[in-house]
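Enquirer: Taken in order, these protein sequences are the chains called R and A.
For the first sequence, position 42 matches number 42 in the numbering used here, and the numbering has no gaps at all.
For the second sequence, position 12 matches number 12 in the numbering used here, and the numbering has no gaps at all.
If you're looking for bench data, these hints aren't it; they were derived computationally from the structure.
You can take every hint at face value.
Which copy is meant is left open, because identical chains are indistinguishable; a pair holds if it fits in one copy or across any two.
Within a straight-line C-alpha distance of at most 30 angstroms, the following computed BS3-like cross-link-like pairs (lysine-lysine) qualify:
| no. | residue 1 | residue 2 |
| --- | --- | --- |
| 1 | K42 | K70 |
| 2 | K112 | K42 |
| 3 | K42 | K64 |
| 4 | K34 | K70 |
| 5 | K34 | K64 |
| 6 | K112 | K70 |
Remember, it's a predicted structure, so these values are computed and weren't measured experimentally.
One-letter residues, chain by chain:
There are 2 protein chains.
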Amino acid sequence: MLTQTVEYALRAMACLAFNPDELTPTPTLAEQTKVPASYLAKVLQMLSAGDLITGRRGVGGGYKLTRPAKEISLLDVINVVDPVERIETCPLGITGHDRLCPLHYRLDQAAKAMIDLFGSATLANLIEDAGSSIPLCDQQTATKLRVKK
Amino acid sequence: MLTQTVEYALRAMACLAFNPDELTPTPTLAEQTKVPASYLAKVLQMLSAGDLITGRRGVGGGYKLTRPAKEISLLDVINVVDPVERIETCPLGITGHDRLCPLHYRLDQAAKAMIDLFGSATLANLIEDAGSSIPLCDQQTATKLRVKK
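Let the sequences and hints guide you as you build the complete structure.
Expert: Encoded structure:
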């Protein structure tokens with residue numbers, strides 16, 4: 001249901017959250033997130049345009065978060081690449097529909113559920129809750145990241 | 001968050017649910033759902049391939065539901081065009097991730113919320129709950145449909 005782009009954006013942001021103070025090289029990010037390099041480049045451009053990350057493209061380029069991981073919710077990330085919007089009026093513009101029809105009421109409830117779920121979790125939560133399964137990283141990388149922290 | 005195709009498929013199915021016993025001509029469906037005819041044709045093909053509707057394409061063609069509206073959940077419709085799947089194992093295939101990482105745990109929770117929400121509502125519920133806002137129909141059409149029921 002979530003698009004591939006949303007999934008990739010969340011993976012990239014989770015990885016950057018582990019290394020907030022320096023630029024992570026784009027090839028490292030591609031390797032850790034297992035996102036194809038060209039697709040990742042597009043996702044990073046979107047995240048940069050959305051002011052969630054800063055850095056530079058191309059050879060020797062890399063990115064880091066623009067603000068602390070605890071100030072970036074998963075919803076912030078999703079909204080940059082595929083915004084979740086509540087449905088407040090009839091999307092078909094039907095005259096006389098002064099309240100949502102049962103179909104669009106349910107679609108709105110789905111949007112609300114996504115906003116509640118992803119708006120209440122930050123990138124920092126992903127790291128705090130990690131335990132033995134650090135997001136997106138194999139055990140070897142995970143160990144390195146733990147030592148680094 | 002839900003794709004355009006999902007939204008259009010749900011609109012088409014809601015409209016067909018109002019007229020379960022006869023073929024609804026495709027142009028009528030396009031008019032009522034406000035979905036562009038060529039896009040609607042593709043959506044109807046998917047719904048037909050998914051065995052939710054039956055009928056014929058082309059001039060003079062039309063469609064109807066294959067089974068009663070109370071036996072078709074919104075999730076059945078969604079799953080034909082853009083399946084919602086629980087995440088049971090690490091999508092990155094990372095060795096040592098014997099349970100989901102915090103990111104994929106939350107993505108799985110989102111999938112679960114969608115399955116619960118849309119799996120518990122049928123096309124018949126959309127009609128029963130309609131009140132003054134019959135799904136997808138302007139007031140004039142709505143009146144006609146009410147008389148027909």
